[in-house]
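S.K.: What follows is the residue order along each chain.
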Amino acid sequence: MTNTIGCIEKADVILITGSNTTENHPVISSYVKRAVTFKGARLIVVDPRRIKIADFANLWLRPNLGTDVAWLNGMMHVIIEEELYAKEYVEKRTVGFDELRRTVEKYTPDYVEAITGIPGERLVEAARMYAGAKAASILYCMGITQHTTGTDNVKSLANLAMLCGNLGIEGGGVNPLRGQNNVQGACDMGGLPDVYTGYQKVVDPEARKKMEEAWGVENLPDQPGLKVTEMLPRAHEGELKALYIVGENPLVSDPDLNHAEASLKNLDLLVVQDIFLTETARIADVVLPSACFAEKDGTFSNTERRVQRIRKALDPPGEAREDWQIICDLSGRMGYSMSYADASEIMDEIARLTPSYAGISYDRIDKVGLHWPCPTPEHPGTPILHVDMFASGKGVFYGIDWIAPAESTDEEYPLYLTTGRVLYQYHTGTMTMKSEGLVDRAPECFVEISPQDAKAYGLQDGDMVRIASRRGSIEARISVSEKAVNGTVFIPFHYAKAAANRLTNAALDPIAKIPEFKVCAVRLAKVA
Amino acid sequence: MPSEHKITINGNPLTFESGETILEVARRHSIDIPTLCFLKGATPTGACRMCVVEVAGADRLLPACATQAVDDMVVQTESPQVVEARRVILQLLMASGNHNCAIRGGDSASWTEFQLQVQQADGAEELCPVWGDCRLQDLAYRYQVTGQDMPHTEARYPMETVNPFIVRDFSRCINCGRCVQACNEIQVNNAIDFGYRSADSKIVTPGDRPLRDSDCVFCGECVQACPVGALVEKDARYVARPWEEKKVRTTCTYCGVGCQLYLHVMDDKVVRVTGVPDTPPNYGRLCVKGRFGYSFINSEERLTKPLVRKNGELQEAGWDEALDLVAQKLGSIKDAHGPDSIGVLSSARVSNEENYVIQKFARAVLKTNSVDHCARL
Ligand code: SF4
Ligand code: SF4
Ligand code: SF4
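Heads up: the protein sequence lines correspond to chains G and V, in order.
Just add 3 to wherever you are in the first sequence, counting from 1, and you've got this note's numbering.
Just add 799 to wherever you are in the second sequence, counting from 1, and you've got this note's numbering.
Don't read these hints as lab results, they were simulated from the structure.
Keep in mind that a hint or two might mislead.
Simulated coverage check for chain V against chain G, where a stretch passes if three residues somewhere in it have a Cβ under 8 Å from a Cβ of chain G [as the list claims (entries may be wrong)]:
no.	segment
1	823-830
2	946-960
3	1146-1159
Below, simulated DSSO-like cross-link-like pairs (lysine-lysine); rule was C-alpha separation at most 30 Å, straight line [as the list claims (entries may be wrong)]:
no.	chain 1	residue 1	chain 2	residue 2
4	G	Lys268	V	Lys1109
5	G	Lys95	G	Lys500
6	V	Lys1128	G	Lys212
7	G	Lys212	V	Lys1133
8	G	Lys268	V	Lys1001
9	V	Lys1045	G	Lys370
10	V	Lys1166	G	Lys516
11	G	Lys370	V	Lys1046
12	G	Lys437	V	Lys1033
13	V	Lys1001	G	Lys213
14	V	Lys1001	G	Lys137
15	V	Lys1109	G	Lys500
16	G	Lys268	V	Lys1128
17	G	Lys437	V	Lys839
18	V	Lys1045	G	Lys315
19	G	Lys437	V	Lys1104
20	G	Lys13	V	Lys839
21	G	Lys230	V	Lys1133
22	V	Lys1033	V	Lys1001
23	V	Lys1109	G	Lys437
24	G	Lys213	G	Lys516
25	G	Lys13	G	Lys158
26	V	Lys1128	G	Lys230
27	V	Lys1166	G	Lys230
28	G	Lys95	G	Lys268
29	G	Lys268	V	Lys1104
30	V	Lys1109	V	Lys1133
Just so you know, even glycine gets a beta-carbon here, dropped at the ideal spot from N, CA and C.
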């Protein structure tokens, strides 16, 4: 997030898109609901489903799946046309405005309505509301990123925020809500193929040299490696021979599971380090038992870039060990010694090598976490990014055209499917399925469908259906719900037994390589 | 610049900011005015009247939580009149419903009878499930009152136990309304409110249905707010007693909000989870996953030994055997096919320190940049 979670209550207008906030980030949703209920903030929700947070909205816009760039361009069209944008901010702090203006020129409310299904006057209303705010905050999640145009979507949100001067101010910002506890940290720590810690690029000779010296090695690879969504196809082709997986379960979370399974089975060596025998671990050659968060010291970085402590409360079960200890042990056996007395020593090494974490130590974050960038031990941390300047100088507008999703409906597959999460389950369910209470509240997969569609298909709540896409099929029960809109069904992806990702499309965003989980075409039929 | 506003509490001259209540000024200066219904972050209701204080010139006692400090105000927080008022309130509360902690008192015969009745209602052989962790009990002790001088009023509504997370025990409810504020003002789930009138008063969902059939999302904010034993985590009820627990502060392991929470540990098991108050990012709030989704930690299904595939089956092995095998295979694959034939997936589930070590291993030892995690998925 460019801003903090607390900052949400300072916004005059909040725009939520592609985030089922009350179910996926419940505590953040409480900030939004408080802002709207008690502080007079206005809320715009743009989402294909009538999700719970829409009950609190002044405006709920319902776009067709995969049309985000179009409605965002449409809002900017209105804002520029009516001269509601932050002229001084745009002039002083940004470049590329003319390119943006040219691109959004044709996105008139009528044109946008034809693509998105959002009535023109509602779009205009939303544009005026957003642009009229002193501070407007944008919150988004996977509903924006999990598209073949995910990168475009995110850039378009940044365009909109900059256009109205909402970056770098209290109550503003473009705020991605991270799905998993330490996604932010995994990225910050260089768990990415093109960067070391703190986003220092592997292609940068200086950065490489720094790491080589610090680690006492030579010839670190100088080209970016493979992204996860590229690794599996390579495994399928036989080019990737070994995969070492820590704490992930791609056999439920991957798009196009049938393909993923074949890919993993094609490896010469699959090692899985996890706390449970997950679907992925079951097909591994070696499984290594690890400690869970309650059994170790360390830090997580939350979605607002706040580095916070985790602390050991229990011993790990049996012979399970902390993940870093396992890796260090293995590394030693491969001839490279890594030894740390404890997690805090690792953090000290991270701080030495990472400018944005340089001021962070366990002492400083004992009571309250710090927001990076935190460049020195005296620095108070950075709750709001881009206050006086963008990291790279001026903010850049990108003129981005709308591109249709990779798959659309046709006669054979007449319904759209979108996937997501439910409140009571988490990711692939390895942890939440162990709680009787959570399972009791959300026991099994379901297909959410609108009352009209249900009627058209002759379906009733609880009916078993077979739902199929071009890639596979699953069976699940029908849940008739007002949340769904006509023509689109929703399935949560948590459930291995009826894994929604047997259906989803592995088509990737060309830059972020994120699969298009949020749109594919399906058909459904009642199971006799 | 220090504030110019002055107030005198218990003879101490203190400064305050305009808009502050007497309660806020007192607490900021470590003067303890007791409260039951006051909930930080929500509108003060003044419902319980525990926080009444004597203000010079006022013709009656005023609730400190809802009375703003005014220049030159003179306040007494523990005058005999104040103490007497608090004692009466506490006695009435202690005499109503099933407050069967030792504080309740009563002569030994009726105590035993009462205790047996309550234990039967509770299905337990112990004192109240929050004995030792109860505001009412603390205050009754502080003001040395029991319930014995007031006529006992029976509980009107049966216990609700039909959801997996929360037991609602109306026999111990003091109608302070903190749960209602926690639900409607802190979490804004709007699932519960006051229902019925005066003596029949009860905290209800719309239509007085059980929580599981309401808008309740089991965030447990109401449980955390309840000052007595009326709302208790089901799995911790009669299991966890505060003096037997160790509280460890940590960060939630589920979503990216990073809520700060306490794991309450007893006999090497997590027995309940509470939010860390007054601390960002969550200021005590949690959701159902963070508060109630902890049973995986002590699950029987946890992996406890390395497994190695032999004859097509995963079989238990020692660490040396498993790690030597991995080291040898990774080495030979790297030699035969080059570093880019190996991929590593680190994890959004593990710590920063571990992610760091994993990518360092991939880059420095395996010599590949093919390290990623599943955030895209
Ligand atoms: S658990 Fe949460 S939603 Fe349910 S009644 Fe309590 S505060 Fe409200
Ligand atoms: S349930 Fe607890 S918090 Fe709610 S009114 Fe009763 S005593 Fe107060
Ligand atoms: S308690 Fe809920 S909202 Fe908070 S971090 Fe955990 S899962 Fe997220």
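S.K.: Name the hints, by number, that the structure is in violation of.
M.R.: 1, 2, 5, 8, 13, 14, 17 and 28
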